[in-house]
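Visitor: Residue numbers (my numbering), protein chains in the order written: chain A, 1 to 251; chain B, 1 to 216.
Honestly, the hints are just simulated from the structure, not real lab data.
Given the structure is predicted, the values throughout are model-derived calculations rather than measurements.
Hints are not guaranteed to be accurate.
[Said to hold, decoys possible] Some but not every residue of chain A turned toward chain B, in silico, with C-beta under 8 Å:
#1 Gly91
#2 Tyr146
#3 Leu164
[To be verified] Stretches of chain B that chain A covers, calculated by requiring three or more beta carbons in the stretch to come under 8 Å of a beta carbon on chain A:
#4 136-142
#5 204-216
Each residue gets a CB set at the ideal place from its N, CA and C atoms; glycine is no exception.
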Amino acid sequence: MNILEINHMKKAFHGLEVLKDISLTVKEGEVVSIIGPSGSGKSTLLRCATMLEKMDGGDLIYMGEYAAKDEGGKSVYAEKPELKKFHHYFGLVFQNFQLFPHYSVLKNITDAPVSVDKISKKEAYERADRLLKQLGLSDKRDAYPYQLSGGQQQRVSIARALALQPKILFFDEPTSALDPILTSEVLKVIKELAEQKMTMIIVTHEMEFAKELSDRIIFMEEGIIQEQGTPEEIFASENPRIRDFIGKFKS
Amino acid sequence: MDFATILQQLGSGMLKTVGIFLWTLVLSLPLGLLISFGRMSKNRLVAVIFKFYISIMRGTPLMLQLLVVYFGPYYLFGINISGSYRFVAIIIGFVLNYAAYFAEIYRSGIESMPIGQYEAAKILGYSRTQTFIKIILPQVIKRILPSVTNEVITLVKDTSLAFSLAYMEMFTIAKQIAAAQTTMMPFVVAAVFYYIFNLLVAVVMERIEKSLDYYK
Ligand SMILES: Nc1ncnc2c1ncn2[C@@H]1O[C@H](COP(=O)(O)OP(=O)(O)O)[C@@H](O)[C@H]1O
Ligand SMILES: [Mg+2]
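Let the hints inform the model, and build the full structure from the sequences given.
Guide: See the structure below:
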């Protein structure tokens, strides 16, 4: 089953075409990594997919349902009440975490399930405790974000997203704000999610990591998908731009 | 007139001063938030109207505003002013003025919030109202508390401007006694009163700031 389907997504900012024609399908349980130079439109793609930005043209389809449908080259979005439903389908992990500083770790994870999804407090707490255990944060339950390292904050933000039980989780450079040691603890958590068959799209500059856990890698440049394929295919690509790009990130 | 009598007479004025202070705060803090919404409105006309309102309130003397509120109904509409309107006029004048100052403080606080907090909340499915009340406002309050404290301390001293409508708050009474008895004593008592009042305000505001110290 396709969790996400994007057809001919287009997005411009003040006449600058950032996404030119992006089509992309993600099946249940698939892990897709997006790589590419800075400014190529990777974040914009995730922001359009999660509806933080409105795309100009193309379809956006979750679970076979249209969030936006292309009509005559323009994206027409579903009505507001219906759009709300789509927020159940995806989660997004930000580069700089964006935890709520005035909420404890536990509250960060339980507040949206309780006040948005209206599940019982008891169930939300059980979910949170399971996630905290899984992500190795049980002892940080009552801490506040400022008391945590960057890696711990990022793991809490992953737990916060997972607590809403999304069908697909997007990551926008989840480790670029972290030093190498903290990076590896976050990557380990994402790898475990991949093993549990969580559907994910990950924008990353960690080439070895992308190679190891992705079912598919997408190379983006100048607002288009230049090439996509299995890690083996991408890393063996003859395309000089890809070889050049990957070469820069190999340490 | 002995010291005890002076104190007693000033005492009733002190209560009225505290009354002006509390009513102004209770009404102008929420009104200021509404005005800041108007000032930040996406509708250009609405935003301009509120901007103009704020600049008038901040750009003209509060004492003048009090006189306009008090005498306006008579001069503009020929309505007879009753004695009981005096207090109402004072509260209206103070609230309209202080709400403008608070609006600008709220606005600076709200605009200083990183956009990422709104986006994180949106992704998690919070409605706009939930986002503002649960995520944004608590952080804004923490950020603006020092500026609010400054305004509140100014308000304590500004209450004395009610003398311009001959309202029998502390300062008006102090002036009357001083003139009648040719003594400085009432002014000394008044100064001590305002000073202690502000010390209390400082203590209370510090408490509130401390209670929000649990996060950064
Ligand atoms: N809100 C915006 N307004 C104007 N330009 C934007 C905006 N967001 C992104 N851009 C531009 O779009 C291009 C792609 O940005 P982005 O999607 O962040 O790329 P990447 O994540 O691959 O580095 C950049 O040139 C950037 O300046
Ligand atoms: Mg980016």
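Visitor: Please go over all the hints and tell whether each is borne out by the structure.
Guide: These are the hints, each one checked on the structure:
1. Gly91: At about 7 Å, which falls below the 8 Å cut-off, the nearest Cβ of chain B leaves the hint on A/Gly91 intact, so it holds.
2. Tyr146: At 4 Å from the nearest chain B Cβ, A/Tyr146 passes the 8 Å test, so the hint holds.
3. Leu164: holds, 7 Å
4. 136-142: holds (count 3)
5. 204-216: holds (count 3)
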